[in-house]
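Asks: Listed below, chain by chain, are the residues.
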Amino acid sequence: MNKYGNPLFKLIRFGLIPLAIACSGLSNAKQNNNLLTPCYVDGLEDRLMCGSIEQPLSKKENNESIEIHFAVIPAIKETKPTEAVLAFAGGPGQSAIEVAAIFARNLRYARENRDIILVDQRGTGKSQLLQCDADSLEEQFAFNDQAVSLFKLAEEETEACKRKLKIDLSHFTTVAAASDFEAVRIALGYETLHLYGASYGTRIAQEYMRQYPNSVATAVLDGVVPMQQSLVAIGEAIDDSLDALFQRCAEDTTCKLQYPSLSSDYHELINKLQESPVKVSVRHPRTFEAIDLTLTESKLRGVIRMALYGHTSRALVPLVIDSAYKGNYIPLVGLLGNENTFGAIAMGMHSAITCGEDWPNLSKENRQEFSQSYFGRLMIESLDASCPLWQVKPVDPAFYQPLKTDTPVLLLSGGLDPATPPSWAELAMVAMGNAKHLVAPTATHGVASQTCANKIIGQFIDSASVEELNAECLNKDNTKQYFMNINGPVVSQSSSEEL
Amino acid sequence: MMNLIRILYKKEMLDASRDKRSVMAGLYYAIGAPIVMCLLFTVLLKQLSSPEALEITIENANGAPNLVRYLEGQDISHGESSGVKAITLVISEQYPVHMSEGKSAEVIIIADKSDNKLIKSVRRLEAALARYNSEVAGLRLISRGIDPSIMRAVSVQTQDQATPDSKGGMFLGIATLSIIIALFYSAMNLAIDTSAGERERNSLALLLSHPLSSTQIVLAKVAAIASYSMIGLVLVLVVSKFAYGMVPWEQLGFSINIDIMFILFCTLIGLPIALMSASLLVFVSFMAKSFKEAQSYVAFVLFVPIGLSMMTTYDIGTDYVQWIPIAAQQYAMIEVIKGNELPLLQVLLSSFSTLGLFAIFAALSSRMLKSEKVVFGL
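From first to last, the protein sequence lines are chains V and B.
Mind the numbering: the first sequence is residues 1 to 499 in full-length UniProt numbering, read in order.
Mind the numbering: the second sequence is residues 1 to 378 in full-length UniProt numbering, read in order.
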C-alpha cells in the first residue's frame, strides 16, 4: 500500500505545501465589509466604499448619538491589508469626503498599496453638518461692512446661527472628535494607521496620536498647526506671504516694469478705502446682471488673502491690485466671485474649534502680538464677540502641550504659506523624538498638492522612517509668472503692431 | 468494480511516478509559465506606462517660460539624455505675441502615435497642455470679472464601476488562459505514454487479458491522468499567486490579485475540465497508430481548447461563446478575479457539458479498446 502511495504522496505534498503557505498569508481576514457600500464623490472617477457608524454625542451623557460617515478609497494593489492611511481635512470645518479627489492625488503613491480612509469629522460634511446661513453673492457684494461695528455684526451672525443649530458646540471639539476616528479604525478592522493631516487636520492628527499612540504607525503633517499655537496667529503669515509676492515682483524685471509701485499702491488703496468705501456698479460674475459693489478694506484684504493660497490665483494678484488702484475693479470682481475651491467650511464646527481651543488661551501678550496684523485684530474681535455666545467649554490646558511622541513624523511646510509658516512646524516638533521637517521654499499652503511631496510621502509611509528621504525635488520652483495684462504672463509687445 | 478501478489507478500512478523526469517535465509548464509570463508583463508594463520623469524635446522653450515651468511641475521636461522620448513640442515664434494679445498661441506636438511605447507619454503631454490651457483661460476670465466655472456648462462626473481588481483587461485574460492551459499540458505526455506508449511496449494487450472491462481500464487511466492535471493546476495557481504579486501592476492603476478563494474556485471548476482533457487525450492517443503519431495528434487537438480560451481572453466571441465549455469556465474565472458576481448558470451548465464530453470520450475510448486493430495498432 505504502509502496504505491509514496510517490503520489510526495507529489501531492509538493503541491500542497505552497498552497498551505498561500492560505496562511491570506487567512487574516480583515474588514467588516457589510459596513460599506459603493459610492462616488465629485471629481473622482474611482469607486469608493462608504459607510457610517453611530457614536455617542457626549461621553458623559449617553442619551444622544451622532452618525459618523466615512469613505474608503481602495488601494490599487492591496499588499498591506492591515494598514491604511487616515486623512484629516483642514478648515476647521472642511469635509474630508468632499475633497476626496485632492487626497487621492496627494496620497497617490501611498494608495498603491494601502487603502485611504476619509472621515467626515463630527460637525462637517455628512456627519451632522453644523453650517450657518451665508449671504448670497449679491448681498455680500453690496454690503458695507464698514458702516456697522464688526463686533456687533459677529454677535448678530452668531445669534442667528445659534438659533439655527440649537446644539452645544462643546461636543464638537478636536478632543471629542478624536475618538470617532478611532472607532472608525476599529469598525473597519485596520491594525495600524498612517496619518496624513493638512492645515487644521494636523491638529486633529496630533490629538489622535496623543490619545491613541498605539494605532499610529507614521504621521505626515502638511502645513503644521502646533498644539501650542493659536490659529489667531495666522495674521503674520498672511502679511509675510503677501510681502514675498511684492518682493518677487520687484525683483522681476518685467513685473517691476509693469507694476513699479505695487506695494505702495496696495497700501494707498487700503488707506483710501478706510476713509470711504468705493461704491460701483459691476457685472455679476455668473449672471452678468448689473449689481452693486461696495468695496471695503476687509473685502479687498480678504480677497487678496484667499488668492495667496495657490500659485494660480497668486498670478493674478499684481494685476488685480494695479487695476483696482487705477479704478478698474473688474479683475477684483472676478477674484471675489471665483467659486471657493477649498470646499465649504462648516462655520458652526469652525466656531466649536476656535472658541474651544484658540480663544480661551489668548493671553494679554498674545493679543498684543497678534493684533499687529490686520487679520489678527479681525479674528480676535470676532472671537471676542461670538465665543461668549457659543459658550464652548474651554479645552483642558494640557491640550496646549506640544505633542510628545517617538512615532516617525514627517512635517511639511511651504516657504510662501499664508497660513502655517515653516516656523510653526519647528514649534510643533520640539517634543517629537523621531521627526523630520521638510520645507518647499516656493510652495504655499498644502505642500503635497503642489510639489513632489506626494512621492516623498509614499516613500516615508513605505519605509516608516524619516531617514533617507530624498527631498531634493522640493526645491524645484513651482511658482507661476504673474499676469502682465488680462491675457497672460507675457508683456504686451509693441512690436506686434508693426505687423 | 470500483475496487478494480482503484487498483488499476494505483498501478497507473505508480507507473507514471516511476518516470520522474518525464512527470516533472510535464509540470515544468505549471511552474515556468507564470514566471515567464510575469517577466513579460513587467517589461510590457514598463513600456506601456509613461516614465515618472518624462523627457521630451522642447523647441523654442524661451518663447513660453511659464508653460515650460508648468510642464516641469508635471515632471515633463526638456531633456538631452538617452532616455528622452521621441516627442517634440514646438512652441511657435508667435507664442508670446499671441498670448499677450489674447489670441490662441500655437504649440505643436510632433510624435508617432502608432508607437505603443509613446502613446501613454503623448497622452500625458496632451493632458498636461489641456490643463494649462484651462488654467490660463480661467485666469483670463477672472481678470475680466467672470467666474471661470461658467465655462463648465455641463459638469460631467464619471462614476467608474471598475475596481482596481477589475481593470486588468487583457492581462486578466492571458493570466487565466495560462492557468487553463496548465490542465491540458501538465499531463499531456503522461496521457500519450499510458495509452499509445503502453501499446507500443506491448503491455496493453497484457492488461486487457486480465478480467477487466475496457471501460474500467479507460476510467482508471483517465483518473490517473486527471490527477496529474490537477496537480499541475494547483501548482500553476500557487506559483501565479506569488509571481503575479511581484508584477508592478499599480503603475497602470490596477492589480491582479490571486487569493485563496480564487485558487479554491479554480480547483473546483478545473476538476471536470481535467477529466474531460484526460479522456480526450486518451481517445486521441488510441486513435493514432504509434507513439509519435499520437504526439502530433495531441498537439493538434489541443488547439481546440486553447482556441476556445483565446476567444474569452481577447473577448472576440459573442455572448453565446460564454456558454461553451472551457470558454465559459474561463469567463467565470475572470469574473471571480474581478470580484464580480459569479455567473452560476453558465458555470453549472458548462461544467455539466464538460462532464458530458468526458463521458463521450471515455465511452469512445473504451469502445476502441474492443477492437483488435486499435489494441495492436494495426
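Heads up, some of the hints might be wrong.
[Unchecked claim] With a Cα cut of at most 16 angstroms, we get these calculated EDC-like pairs of lysine to aspartate or glutamate:
(1) B:Lys103 / B:Asp115
(2) B:Lys46 / B:Glu93
(3) V:Lys436 / V:Glu468
(4) B:Lys167 / V:Glu45
(5) V:Lys436 / V:Glu467
(6) V:Lys126 / V:Glu54
(7) V:Lys126 / V:Asp42
(8) V:Lys152 / V:Asp477
(9) V:Lys455 / B:Asp115
(10) B:Lys167 / B:Glu250
(11) V:Lys164 / V:Asp135
(12) V:Lys80 / B:Glu250
(13) B:Lys338 / V:Glu98
(14) B:Lys167 / V:Glu139
(15) V:Lys476 / B:Asp75
(16) B:Lys117 / B:Glu200
(17) V:Lys455 / B:Glu52
(18) B:Lys120 / B:Glu52
(19) V:Lys80 / V:Glu468
(20) V:Lys152 / V:Glu381
(21) V:Lys476 / B:Glu72
(22) V:Lys455 / B:Asp75
(23) B:Lys120 / B:Glu80
(24) V:Lys126 / V:Glu98
(25) V:Lys59 / V:Asp168
(26) V:Lys80 / B:Asp259
(27) V:Lys279 / V:Asp265
[Claimed, not checked] Chain B is nowhere near these chain V residues, computed Cβ spacing over 10 angstroms in every case:
(28) Lys126
(29) Gln146
(30) Glu468
To be clear, the hints were calculated from the coordinates, so they are not data collected in a lab.
All C-beta atoms, glycine included, are put in the ideal place defined by N, C-alpha and C.
Asks: Run the distance test for lysine 126 of chain V versus aspartate 42 of chain V: straight-line Cα separation, threshold 16 angstroms.
Replies: Holds, because 15 angstroms separates the two Cα atoms, which is no more than 16 angstroms.
Asks: Lysine 455 of chain V and aspartate 115 of chain B were given as a pair; does the straight-line alpha-carbon distance stay at or below 16 angstroms?
Replies: violated (29 angstroms)
Asks: Given the hint that lysine 152 of chain V pairs with glutamate 381 of chain V, test it: the Cα-Cα distance must not exceed 16 angstroms.
Replies: holds (10 angstroms)
Asks: For a C-alpha distance cap of 16 angstroms, please report whether lysine 80 of chain V and aspartate 259 of chain B respect it.
Replies: Holds, because 14 angstroms separates the two Cα atoms, which is no more than 16 angstroms.
Asks: Would you check the hint for lysine 152 of chain V and aspartate 477 of chain V, treating anything up to 16 angstroms between C-alpha atoms as holding?
Replies: violated (44 angstroms)
Asks: Does aspartate 75 of chain B sit within 16 angstroms of lysine 455 of chain V, going by the straight-line distance between their CA atoms?
Replies: OK: lysine 455 of chain V and aspartate 75 of chain B at ~12 angstroms, within 16 angstroms.
Asks: Given the proposed pairing of lysine 46 of chain B with glutamate 93 of chain B, does the C-alpha separation stay at or below 16 angstroms?
Replies: violated (36 angstroms)
Asks: Given the proposed pairing of lysine 436 of chain V with glutamate 467 of chain V, does the C-alpha separation stay at or below 16 angstroms?
Replies: holds (8 angstroms)
Asks: For the pair supplied as a hint, lysine 279 of chain V and aspartate 265 of chain V, is the alpha-carbon distance within the 16 angstroms limit?
Replies: Violated, at roughly 19 angstroms.
Asks: Straight-line Cα separation of lysine 126 of chain V and glutamate 54 of chain V no greater than 16 angstroms?
Replies: holds (13 angstroms)
Asks: Quick one: work out the minimum CB distance from glutamine 146 of chain V to chain B and report holds if it exceeds 10 angstroms, violated otherwise.
Replies: holds (23 angstroms)
Asks: What's the verdict on lysine 476 of chain V and aspartate 75 of chain B, does the C-alpha distance respect the 16 angstroms limit or exceed it?
Replies: holds (11 angstroms)
Going through the hint list in order, the structure does not satisfy hints 1, 2, 8, 9, 13, 14, 16, 19, 23, 27.
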